[in-house]
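Colleague: Chains as they are written, first to last, in this note's numbering: chain A, 1 to 413; chain B, 1001 to 1402.
Keep in mind the hints are simulated off the structure, nothing from the lab.
From the three backbone atoms N, C-alpha and C, an ideal C-beta is built for every residue, glycine too.
Where hints are given, some of them may not hold.
[Unchecked claim] Here are the simulated lysine to aspartate or glutamate pairs, DMTMM-like style, with alpha carbons at most 20 angstroms apart: (1) K316(A) - E299(A); (2) K1075(B) - E53(A); (3) K1155(B) - D106(A); (4) K1126(B) - E1111(B); (5) K1350(B) - E218(A); (6) K220(A) - E156(A); (7) K1112(B) - E218(A); (8) K197(A) - E1251(B); (9) K178(A) - E1162(B); (10) K1097(B) - E1125(B).
[Unchecked claim] Some chain B residues judged to face chain A by a derived CB distance under 8 angstroms, without partners named: (11) E1162; (12) K1164; (13) E1197; (14) V1273; (15) F1315; (16) L1345.
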Amino acid sequence: MLNNENRYLFKFAWKSIKRNAGRSFFIGFSVSLAVMIAVWVTSVFDGMNTQIERAVVNTNLGFFQAQEPTFARSTDASHPLPYMAVASKLVESLPVTAASPELVLDGNISTPEGAAGLIVLGIEPDLHKKFLPIDRSIIAGDFLKAEDEAAIIIGEELSKIFKFHVGDQLVLNYQDYKGELRSELLTIKGIYRYNSKAFEKRYVYTNQKSWQNIFLNEYKGEILFNRITMMTEDGLLQEPQFKDKIQKAGLEFKTWKNLNPEMAVVIDFHDGMIRFFFLIIGVTIMMTILTPVRMLWQERYKELRMMNILGVSNHKFWRIGISELIQMILLSSVLSSILLIIVIGIQSKVGLDFRNLNNGISIERAGIKLPGIIYPILSAQQIVITFVFVILVMGFSYLWSIYRTLSKLESEL
Amino acid sequence: MRGLAFLLKFSYRNLGRVPKRTIIMILSLSLGCGFIIWDLNFSHSGSKEVMTEFLSQYAGQYHITHKDYYEKDNKKLFNNYKTLSDDDIEDKTLFEKSTKRITAPVFVSGEKKTLAVLLTGMDVEKEKPLSRIYSSVKVGRFLDPQGSKEVIIGKKFAERIEVKLGDQVVVIGQALDGSVANDLLTVVGLMDFGGGELEEALAFTQFSTAQELMVVPEGLYHQRVSFDFNQEVMPKLKKVTATKWDELLPEIGVSVRFIDRLTWFVGVIIVLVISLGLSNTLMITFFEREQEFQCLNIIGAKTTWVTASLMIEVFIMGTIAVILGTLIGHAATIYCHYHPINLQLFTGGKNIIMGGLTIQPLIRLHPVQSHYWQVPLMIYAFLSLTMIYPLIRVIRRSTYAL
Chain A
1 MLNNENRYLF
11 KFAWKSIKRN
21 AGRSFFIGFS
31 VSLAVMIAVW
41 VTSVFDGMNT
51 QIERAVVNTN
61 LGFFQAQEPT
71 FARSTDASHP
81 LPYMAVASKL
91 VESLPVTAAS
101 PELVLDGNIS
111 TPEGAAGLIV
121 LGIEPDLHKK
131 FLPIDRSIIA
141 GDFLKAEDEA
151 AIIIGEELSK
161 IFKFHVGDQL
171 VLNYQDYKGE
181 LRSELLTIKG
191 IYRYNSKAFE
201 KRYVYTNQKS
211 WQNIFLNEYK
221 GEILFNRITM
231 MTEDGLLQEP
241 QFKDKIQKAG
251 LEFKTWKNLN
261 PEMAVVIDFH
271 DGMIRFFFLI
281 IGVTIMMTIL
291 TPVRMLWQER
301 YKELRMMNIL
311 GVSNHKFWRI
321 GISELIQMIL
331 LSSVLSSILL
341 IIVIGIQSKV
351 GLDFRNLNNG
361 ISIERAGIKL
371 PGIIYPILSA
381 QQIVITFVFV
391 ILVMGFSYLW
401 SIYRTLSKLE
411 SEL
Chain B
1001 MRGLAFLLKF
1011 SYRNLGRVPK
1021 RTIIMILSLS
1031 LGCGFIIWDL
1041 NFSHSGSKEV
1051 MTEFLSQYAG
1061 QYHITHKDYY
1071 EKDNKKLFNN
1081 YKTLSDDDIE
1091 DKTLFEKSTK
1101 RITAPVFVSG
1111 EKKTLAVLLT
1121 GMDVEKEKPL
1131 SRIYSSVKVG
1141 RFLDPQGSKE
1151 VIIGKKFAER
1161 IEVKLGDQVV
1171 VIGQALDGSV
1181 ANDLLTVVGL
1191 MDFGGGELEE
1201 ALAFTQFSTA
1211 QELMVVPEGL
1221 YHQRVSFDFN
1231 QEVMPKLKKV
1241 TATKWDELLP
1251 EIGVSVRFID
1261 RLTWFVGVII
1271 VLVISLGLSN
1281 TLMITFFERE
1291 QEFQCLNIIG
1301 AKTTWVTASL
1311 MIEVFIMGTI
1321 AVILGTLIGH
1331 AATIYCHYHP
1341 INLQLFTGGK
1351 NIIMGGLTIQ
1361 PLIRLHPVQS
1371 HYWQVPLMIY
1381 AFLSLTMIYP
1391 LIRVIRRSTY
1401 AL
């Protein structure tokens, strides 16, 4: 590892650090605190962005969608494609955790309580269960089965506004595949409580068989789709792979960011703010640390001069300085990591409550419920950033201070 | 008095003994102070500019409505049967910067689809100088003030119901007299909100067309929307009610409040980091002068006198830094007033979509008076904390020395 000489220099540097233990601690603590706060802010924003992303993809969007081209252009559901023939192999070749082939019909209801536009999703219950936990969010009645006839699942908010109960029939008005205005009676089989009020008011579910019967006037005996919504383990990380394969299959490729641009921009804006914040903290800490480190070395000027007279070369001073720098970096990194693990470890369990920003009321934006409690996320990437940040700040301050002190020494000798 | 003058002179002179170090300390503090003032002005102006840009497009500063028009607990829900007239509003000066609207939740049918939308009947001539909804019409034209039976719809909405300019759409709703409201309207313009959800949720027609469609009696309407953005306090009205934008759009209010509070938080962190470094520097500076303090003790200066001189030294330095920082912050603010900042810097060039509308705000910074005393006060508070530890060490060492 280290030869005898280097080991000695390392020891020497350690003694110098210990000689001014309080001051060294202050320098290390300032850097650690700044880094800890910067990484903490990042992890809070990361947590918030992840929760926003999760909330958006859970509004029936998924991370990715493969859409039938006509539907992608105008949401015209009249040209659904057969799932098994066109897309099942495509889905199998992609790293998805769940995929749901869906038929999408725009309809409306009009009752004495008012009128509302609905999106009627024709789903294959068994596949959809893996995609969204609607089946586990039923608060009254039951979830759909593949063989149900004209049964529908509605959200709690819709049931409240229109005073619907399980077993009631609602009249769905819509235009069928020919564009003809039609009305159909559907029986409410279950009521779910999931995501936001806007979601509960807008989305209703029926099975493929019922959907095809009401829109196409016949059940084709197979699963059809206007879109296939897909969940993944790692979010949008594998976007190029998905894009390539979906487009090669002749389908339109969409990500949740294309489908909910408002929340996509919110996340981009947060990322921009984090970068700005990091830059400011970086400049501040650099300016703040530079002076004490400089003074620390200037204070030792006489000592260095004496050692120089005794025969210690500038080269060796540099090695001592770098040894000291490495030890300070290690100390600061360890300290900031400990602080980070303690603070974020606790907060990732209990969360940070942001609900007081709106008197405790949950906020819905762009069709999603904004997270009220944020759970910060500490990732390996952030730890790496922490270390790089510490190395940069400490490195610049120490190397500059050593250089200035040794320059003075050279000029005076 | 003479003693204090001497103390001031003595402390001031000490600052000049190691000018480079003093300059660096003053600079780091003043740059921090300047940045925080600029940042807070930026955040305040940004929030204001973003909100003005957003609200001036459609929503307005506040809505005057019938007391029961908006539901008490959820302003997203409204009762369309509750109307008001100009006679219900006592203060007629409010009319100058406001415009009346009729709202009609209707279904619009195209060739392939029937979708729900909020159709708003507007007084086109009055609306144009107040709101900027006309600027969102990117294809076709805005409503003709003299015309009727015209409608403008969102680009995405038009794609979904498969209609284009010049096509007619069927509008179906429920009129105020309980009858079925239906009419044929011609699409004259398409609005582009950059993909925001309001592209699918809003449509506009002439006031007279909406009045006829919804069978609204002459002189009545649903909302009087004010675009007076200088009016922060809501007018006191007896018969009707005024609801401010942040109650109507709480999600937007929260987003703005979040950014404002985050900016303050960043400011405090910066001062905290600077203070730690400063404390360290002060400690080293004080220790360097240990012999000098001991000499002062020997010739009769009490430890309290030495401590006071050090405190004055730090406060003189702090005051110079704060004055300089305030000037820097103000200069940067004024510069950014004449060279506004595009918020797209934070989104990688993408448009900002807020509440379903696209906004492209250029943030023109304005100085906010309160920041010019709040920030220095915060810095003085931290500076006082900064001194505590180094001074304790000096006092202890002086005691041992004696």
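Colleague: Taking the hints in turn, state whether each one holds.
Modeller: Checked hints:
1. K316(A) - E299(A): This hinted pair holds, its Cα atoms lying about 18 angstroms apart.
2. K1075(B) - E53(A): Answer violated: K1075(B) to E53(A) is near 26 angstroms, above 20 angstroms.
3. K1155(B) - D106(A): Answer holds: K1155(B) to D106(A) is near 17 angstroms, not above 20 angstroms.
4. K1126(B) - E1111(B): Answer violated: K1126(B) to E1111(B) is near 33 angstroms, above 20 angstroms.
5. K1350(B) - E218(A): violated, 45 angstroms
6. K220(A) - E156(A): Measuring from Cα to Cα gives roughly 31 angstroms; hence the hint is violated.
7. K1112(B) - E218(A): Given that 20 angstroms is the threshold and the Cα spacing comes to 19 angstroms, the pair holds.
8. K197(A) - E1251(B): It holds: about 14 angstroms lies between the C-alpha atoms, which stays within 20 angstroms.
9. K178(A) - E1162(B): holds, 13 angstroms
10. K1097(B) - E1125(B): Answer holds: K1097(B) to E1125(B) is near 13 angstroms, not above 20 angstroms.
11. E1162: At 6 angstroms from the nearest chain A Cβ, E1162(B) passes the 8 angstroms test, so the hint holds.
12. K1164: violated, 12 angstroms
13. E1197: This hint holds: E1197(B) lies near chain A, its Cβ roughly 6 angstroms from the closest one there, short of 8 angstroms.
14. V1273: At about 5 angstroms, which falls below the 8 angstroms cut-off, the nearest Cβ of chain A leaves the hint on V1273(B) intact, so it holds.
15. F1315: Violated. Min distance 19 angstroms.
16. L1345: Since the shortest Cβ distance to chain A is 7 angstroms, the answer is holds.
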